[in-house]
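Add chain B to chain A, keeping to what the hints say.
Quick note, the sequences are listed as chains A and B, same order.
Under the UniProt record's numbering, read the first sequence as residues 1 to 252, first letter to last.
Under the UniProt record's numbering, read the second sequence as residues 1 to 252, first letter to last.
Here are a few chain B residues that sit away from chain A, every Cβ distance over 10 angstroms (derived from the structure):
| hint | residue |
| --- | --- |
| 1 | Y28 |
| 2 | D39 |
| 3 | M49 |
| 4 | L109 |
| 5 | V116 |
| 6 | D147 |
| 7 | K149 |
| 8 | V162 |
| 9 | T169 |
| 10 | E171 |
| 11 | G210 |
Below 25 angstroms or equal to it, Euclidean Cα-Cα: the simulated SDA-like pairs (lysine to any residue) are:
| hint | chain 1 | residue 1 | chain 2 | residue 2 |
| --- | --- | --- | --- | --- |
| 12 | A | K203 | A | V111 |
| 13 | A | K203 | B | Q13 |
| 14 | A | K203 | B | S56 |
Partner residues aside, some chain A positions facing chain B, computed with beta carbon under 7 angstroms:
| hint | residue |
| --- | --- |
| 15 | E61 |
| 16 | L88 |
| 17 | E194 |
| 18 | L246 |
Simulated from the structure, these hints should not be mistaken for laboratory data.
A virtual CB, placed ideally from N, CA and C, is assigned to each residue, including glycine.
2 protein chains.
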Amino acid sequence: MANTDDDRRPKYQRIADSLREAIQSGEYGPGDRLPGENDLMATYGVARMTARQALSVLRDEGVAEARKGAGVFVRAFRPLRRRGIQRLSQERWGNGRSIWSADIEDRALEVDQVTVSEEVAPDRIGAVLDLAEDETVCVRRRRFVLDGKPVLLSTSYLPASVVAGSAITQEDTGPGGTYARLAELGYKPAHFREEIRSRMPSKDEAAQLGMSAGTPVVLVCRTAFTDEGRPVEINEMTLDAASYILEYDFDA
Amino acid sequence: MANTDDDRRPKYQRIADSLREAIQSGEYGPGDRLPGENDLMATYGVARMTARQALSVLRDEGVAEARKGAGVFVRAFRPLRRRGIQRLSQERWGNGRSIWSADIEDRALEVDQVTVSEEVAPDRIGAVLDLAEDETVCVRRRRFVLDGKPVLLSTSYLPASVVAGSAITQEDTGPGGTYARLAELGYKPAHFREEIRSRMPSKDEAAQLGMSAGTPVVLVCRTAFTDEGRPVEINEMTLDAASYILEYDFDA
Numbered sequence: 001m002a003n004t005d006d007d008r009r010p011k012y013q014r015i016a017d018s019l020r021e022a023i024q025s026g027e028y029g030p031g032d033r034l035p036g037e038n039d040l041m042a043t044y045g046v047a048r049m050t051a052r053q054a055l056s057v058l059r060d061e062g063v064a065e066a067r068k069g070a071g072v073f074v075r076a077f078r079p080l081r082r083r084g085i086q087r088l089s090q091e092r093w094g095n096g097r098s099i100w101s102a103d104i105e106d107r108a109l110e111v112d113q114v115t116v117s118e119e120v121a122p123d124r125i126g127a128v129l130d131l132a133e134d135e136t137v138c139v140r141r142r143r144f145v146l147d148g149k150p151v152l153l154s155t156s157y158l159p160a161s162v163v164a165g166s167a168i169t170q171e172d173t174g175p176g177g178t179y180a181r182l183a184e185l186g187y188k189p190a191h192f193r194e195e196i197r198s199r200m201p202s203k204d205e206a207a208q209l210g211m212s213a214g215t216p217v218v219l220v221c222r223t224a225f226t227d228e229g230r231p232v233e234i235n236e237m238t239l240d241a242a243s244y245i246l247e248y249d250f251d252a
Numbered sequence: 001m002a003n004t005d006d007d008r009r010p011k012y013q014r015i016a017d018s019l020r021e022a023i024q025s026g027e028y029g030p031g032d033r034l035p036g037e038n039d040l041m042a043t044y045g046v047a048r049m050t051a052r053q054a055l056s057v058l059r060d061e062g063v064a065e066a067r068k069g070a071g072v073f074v075r076a077f078r079p080l081r082r083r084g085i086q087r088l089s090q091e092r093w094g095n096g097r098s099i100w101s102a103d104i105e106d107r108a109l110e111v112d113q114v115t116v117s118e119e120v121a122p123d124r125i126g127a128v129l130d131l132a133e134d135e136t137v138c139v140r141r142r143r144f145v146l147d148g149k150p151v152l153l154s155t156s157y158l159p160a161s162v163v164a165g166s167a168i169t170q171e172d173t174g175p176g177g178t179y180a181r182l183a184e185l186g187y188k189p190a191h192f193r194e195e196i197r198s199r200m201p202s203k204d205e206a207a208q209l210g211m212s213a214g215t216p217v218v219l220v221c222r223t224a225f226t227d228e229g230r231p232v233e234i235n236e237m238t239l240d241a242a243s244y245i246l247e248y249d250f251d252a
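In isolation and in its complexed conformation, chain A is listed as follows (with noise of 0.2 angstroms):
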C-alpha cells in the first residue's frame, strides 16, 4: 500500500523501520549485530536518544534482542514446527514412541520439572471432564528444554477414578506415554480439539521458559475424546511464541 505519510513518522521510528527493512530482506540474518547507538548517531545524524528509541522499537517487538555488553541482535529465530494432526495420529503413539518426537528432528529435547499429583480438579476443567464437584483429576505437569532453552510448560488433567493404578500416575508412563495407556485402560483417544490463544507471559511464566522481552507465550489448550465422544483428558501448553510454528494440515 502506497504511503505518501512517510515523512510525518518520527525519526526514530525512521530509523527502526528502515533497520526492520534490511533484516527482513536478510541484510542482517539472525543472530547477527545490528548497528549500534553510535553507529546511528553517524549514519543519521541523529541524537543518542533517538538512536536508543529506534532500536527499543525493535526489541519492543520482539524483532532484536540486547545482551548486555555486546549490542543489540537479530534475534535468532529457528523454531519447532509443530504438526498438530499427523503427531498425534495413532500410528506414532500406538507403537511405542512419544508424540513429541515427531516435532523435534535432530534436537535435543529434554523434559524436566515433572511432577504428578491428585487434585480437586479446577471449575473449568471438571465443567468439560465432566466430573461430580469435588472429584479428584490427575494432574501431570512438566517442561520441555529444547537445545538446552526451555520452549513449553504442558499441564495435564485426567479424572483420577479413569487413571488409578496405571503408570499414568507415575512419572514415567511408560512407552507410548498416556495416550497408549489410556488405549489399555479402553479409553483410547479417537478424536482431538486444539485450541489456541496468545497473550504475553505473566511474570512467573516468561521466567520459567526463559523469555526475552517482547514475545507472546501461545497457549494450546488440547482435549482428548474417546471415540464416545467421551473427554478424557485437557491438556494446557503454554509455548515461547518465538519458539514454535504450529501445523496444521487438512482436506476440503
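Chain B in isolation, oriented as in the chain A frame:
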C-alpha cells in the same frame, strides 16, 4: 506448584498477582473496573507509585486496559472462535457461502480496505507457488472489522496466469468467493496447510487493527493446494490475538 518464595515478591507484584487471581476467579468480569490507585493505596497501605506499578503489570500482560479519565478495566474478551477445518470444508464454499460466515455467529462482520492488484511475486511467495522469476501474482488485500473493531488483515496471492480474466481479479469475487472461482477455473482447492505464529505487532499493524498495548498478533499463513498438490493460493493473515480463539478438530 507450591511457591514458598511468595514473600520475596516485590509489593507491586503481590498486588498485581492478587488482582489477577480475582480476575481469573471471576470476581472481576470482562469490562469491570478494577480498584484505582487510591483504592489500592488504602487497601494495601502502599505508595501511589507502587499502586500504579501493580496496575501497569496487568496492562502490560494485556489482562487490563486503561481508559482515559475513567480508570483501569478488565479487558473485555469475547473472542471469535475460528474453526480452522470445518470452515474450509467444501460444503461451505461449495454452495455459495463465504468461509467467514462460519466464525461470526450473529455478529456484524464488515470487509473494508479491499484492494486488488497485479504485482511481481515477493520471493517467499514465488518460491511456494513455484513461479518463474518476475512472474506476477494477483494480490487481494482486505481488512475484517467485527462489531466496529478491526480484527484481521488478510493478503492473498494467486498466480496471475491462473486467475487472469476471472472475478478473482475484481473486488467482488462473487458467490462462494475465491475458492468457488478457482474450482470453476479447474483449480479446485482440495487440501490446506495452515501455519501459525505469534509475535508483537509492528506500529503499523497495531494502528490498522486498533490494538491495545500488551497484545500480540497471531499470524496465520494458509496455502491452498489442488488435489494434484499444486499450490494455488497463499493467504497471509494478521489477527488481533485478543479477538480470536483458533480451533482445530481432528481424529487420531
